[in-house]
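*Asks:* If you want the building blocks of each chain, they are given just below.
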Amino acid sequence: MIPLNVNRKAYQVDVSPDMPLLWAIRDVLGFTGTKYGCGVAQCGACVVHLNGEAVRSCITKVSRAAGQQVVTIEGLSENNNHPLQLAWREIDVPQCGYCHSGQLMSAAVLLRENPNPTDKDIDDAMAGNICRCGTYLRIRKAIHLAAGMQQMGQKNG
Amino acid sequence: MKQQPAPGTRYLLPVKTITAIAIILSVIAVTTTAFKDRNGFTGNNAKNDDINSDSVKSVIAFMQVYKVLMSPRCMNCHPAGDQPLQGDDSHIHTMNVQRGKDGTGVYALKCTNCHQPTNVAGVNTPPGNPKWQLPPADMKMVFQGKTPHQLALQIMNYNQNGHKNKKQLLEHARDTLVKAGWHMGEGRMPPPLTYKNFLIAWDTWINKGGYSPNPSFK
Chain B
1 MIPLNVNRKA YQVDVSPDMP LLWAIRDVLG FTGTKYGCGV AQCGACVVHL NGEAVRSCIT
61 KVSRAAGQQV VTIEGLSENN NHPLQLAWRE IDVPQCGYCH SGQLMSAAVL LRENPNPTDK
121 DIDDAMAGNI CRCGTYLRIR KAIHLAAGMQ QMGQKNG
Chain A
1001 MKQQPAPGTR YLLPVKTITA IAIILSVIAV TTTAFKDRNG FTGNNAKNDD INSDSVKSVI
1061 AFMQVYKVLM SPRCMNCHPA GDQPLQGDDS HIHTMNVQRG KDGTGVYALK CTNCHQPTNV
1121 AGVNTPPGNP KWQLPPADMK MVFQGKTPHQ LALQIMNYNQ NGHKNKKQLL EHARDTLVKA
1181 GWHMGEGRMP PPLTYKNFLI AWDTWINKGG YSPNPSFK
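The listed protein sequences derive, respectively, from chains B and A. Using our numbering, the first residue of the first sequence is number 1, and each one after it goes up by one. Using our numbering, the first residue of the second sequence is number 1001, and each one after it goes up by one.
I should point out that these hints are in silico values taken from the structure, not numbers from a laboratory. You may find that some hints are simply not true.
The calculated label-pair distances, taken between Cβ atoms and stated as ranges, are [as the list claims (entries may be wrong)]:
1) Trp1182/A <-> Gly134/B: 36 to 44 Å
2) Pro1117/A <-> Cys96/B: 29 to 37 Å
3) Gly1187/A <-> Asn5/B: 33 to 41 Å
4) Gln151/B <-> Asp1203/A: 50 to 58 Å
Below 27 Å or equal to it, Euclidean Cα-Cα: the simulated BS3-like pairs (lysine-lysine) are [unchecked claim]:
5) Lys1101/A <-> Lys120/B
6) Lys1016/A <-> Lys1057/A
7) Lys1164/A <-> Lys1146/A
8) Lys61/B <-> Lys1164/A
9) Lys155/B <-> Lys120/B
10) Lys120/B <-> Lys1164/A
11) Lys1167/A <-> Lys1196/A
12) Lys61/B <-> Lys1146/A
13) Lys1067/A <-> Lys1016/A
14) Lys1179/A <-> Lys1196/A
15) Lys1179/A <-> Lys1167/A
16) Lys1146/A <-> Lys1166/A
None of these values were measured; they are calculated from a predicted model. Glycine included, C-beta positions come from ideal geometry on N, C-alpha and C.
Next comes chain A alone, as it looks inside the complex (with noise of 0.2 Å):
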């Protein structure tokens, strides 16, 4: 015959089915933190509003980001090597361009001796902007041949997005330089997003807890 627990010790649920809950509890909480780990929280980045986070949606977000950030508007200034690309075609800039140290160019080919802070008129001029270079080379912010998960991963990680925390990467996509990818000069093929898309894009990317895509996706 089953004993009856005594009085006032009586529980919901068997005690083993109890533990077992709170294993499964226990696990699912170590489990997100690791996620979240792995997909670049660090730094300043760690203080993220646990509440907004989706990673479904965030994920989502980034796969319309990853097509801009993969365009040659973009990615033509993030080249794999130390020669900025250069057209639709992302061919290596003409006249052996370099990075150099800060970005900015070497010697008499520095970017802004032919780049202006504007535009110039006509088919195959140079396209400008004030703050035209690309990333340090302590730095290179590479999005050229980078996976959806390495990308997103690279951009929310501190010592790898130019010491960018979450509000200072939101912030960047509203940068002159990033807006000037929109508005490059005749002949050049803008990003595959309009760039309010785009920017509702980014936004959801991070506030949605900033998750990158899984290693699969291409």
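With the rest of the complex left out, here is chain B (with noise of 0.2 Å):
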């Protein structure tokens, strides 16, 4: 039994140490909306955090992750109310949405780090996650929406 930590909840799950996490999340615990696109760390799609870096769980062990912090596009937030998510809402951002969990995911990375991105943040962030619809720009859009929203929460407290 491996012992896990996924959005905040501890699991014991009985798996071989070398299954990718992203086979824990979906197959076994029903963490569905994280998406398994290229499975060799190529298009992002599977991005969760692990201890709040956002790593590409469809080449990442069960093993690298025992006892860790686990958070997928499920437990972003509370309500669906993470301002990237309020932003994507806003702005409409997806197309086929098949990426969007690790678009997200990524983007949470990057606003937490730098809470007033550029362009170039953004694309130095962004870059690794592939969207075949070329939803680009309304990602974009939206980051810069997000950050907006996240400072004026922080300033209104």
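With the hints in hand, could you dock these two chains into one complex?
*Replies:* What follows is the structure, encoded as structure tokens:
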């Protein structure tokens, strides 16, 4: 049994330590918001937070996450009200939507580390998340909007 | 008629010859020291064992070391710019990956977000190592584009090599991230020397004085 803490809840999973974390999250624990894209860390659809960092769960072994803090798109906020989620909805960012849980998890790390990112900062953070529908401009716009919301939220306490 | 010196004041060689030899020896001593300074024996690396120095053997060994350091397995993480390189053709890393301040990437694109503690099975999957990173922004330790002369000087310079003294430089070749260059996963060409021969060349280069090749060497 391997101890996993996913979205602030403790689990024990009976899987091989070599299993990709993505398999455990989706198939064993049922958090299907995280998607399988390429399987070789090239597309970013499977990004989750491991101790706050945007790791690619398709090639991260369960053993690396044992006893660590994992957050998936389902745990990004309590009520789907993370500024990024609100901005995504406001701007209607997704087209097919398949890559967007990964996009949001990557963007969340950016906004945590840089509350007021420039276009270049966004490119530096997000270029590893591929969107076949080409929603990049809306993603960038939504990140700027979310940054503003986050700052307003902090001002309003 | 030539005057004989008084008994007890007789020299083996004429005074002029002795003076000339003394001047030549002084010049050799001064230029040897200057040569070593030019070759980076600064800071903690100044304590070199002169008895073991051999500039010829040292330089020959470095030319072997140089081939390894300039191979993609080493150079790709010692780029001239602020982005790592990738592949046997050393192209700029896809995904716009950046060095970052401490060499571990930025935001959602930190090295260990994809590079795991071990290699991932399959072709073109990210190679792995627990220490995966680039040199930090304040000491980039660039290999790309350096001549043998420049690279040898840089590595022997305490203020350009990550503050490593001679002992630490010797140890560095045994570091797990350096060793990983010979086990980079499927589809990646290893460096041109075996790890064992690299170690021999590295140790020889440093133990024989850490000399840098002549600037004309390419």
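*Asks:* Hey, Lys1146/A versus Lys1166/A, does the alpha-carbon distance stay inside 27 Å?
*Replies:* holds (21 Å)
*Asks:* With a cut-off of 27 Å on the C-alpha distance, tell me whether Lys1179/A and Lys1196/A pass.
*Replies:* holds (10 Å)
*Asks:* Given the hint that Lys120/B pairs with Lys1164/A, does the C-alpha gap stay at or below 27 Å?
*Replies:* violated (35 Å)
*Asks:* Is Lys1167/A close enough to Lys1196/A, meaning Cα to Cα at most 27 Å?
*Replies:* holds (19 Å)
*Asks:* Within a Cα-Cα threshold of 27 Å, do Lys1101/A and Lys120/B meet the stated pairing?
*Replies:* The given pair, whose Cα atoms are some 16 Å apart, holds under the 27 Å limit.
*Asks:* Taking 27 Å as the top limit, are the C-alpha atoms of Lys61/B and Lys1164/A close enough?
*Replies:* This hinted pair is violated, its Cα atoms lying about 35 Å apart.
*Asks:* Does Lys1146/A sit within 27 Å of Lys61/B, going by the straight-line distance between their CA atoms?
*Replies:* Not satisfied, since the Cα-Cα distance of roughly 38 Å exceeds 27 Å.
*Asks:* Quickly compare the C-alpha distance for Lys1164/A and Lys1146/A to 27 Å and report which way the hint goes.
*Replies:* The given pair, whose Cα atoms are some 20 Å apart, holds under the 27 Å limit.
*Asks:* Just to be careful, I want the Cα atoms of Lys1179/A and Lys1167/A compared with a cutoff of 27 Å; is the pair within it?
*Replies:* holds (18 Å)
*Asks:* Can you tell me whether the CB distance of Pro1117/A to Cys96/B sits inside 29 to 37 Å?
*Replies:* holds (34 Å)
*Asks:* Is Lys1016/A close enough to Lys1057/A, meaning Cα to Cα at most 27 Å?
*Replies:* Roughly 37 Å separates the two Cα atoms, so the pair is violated.
*Asks:* Is it true that Gly1187/A and Asn5/B lie within 33 to 41 Å of each other by Cβ?
*Replies:* Hint holds: Cβ distance 35 Å, inside 33 to 41 Å.
Violated hints, listed in ascending order, are 6, 8, 10, 12 and 13; each of the other numbered hints is respected by the structure.
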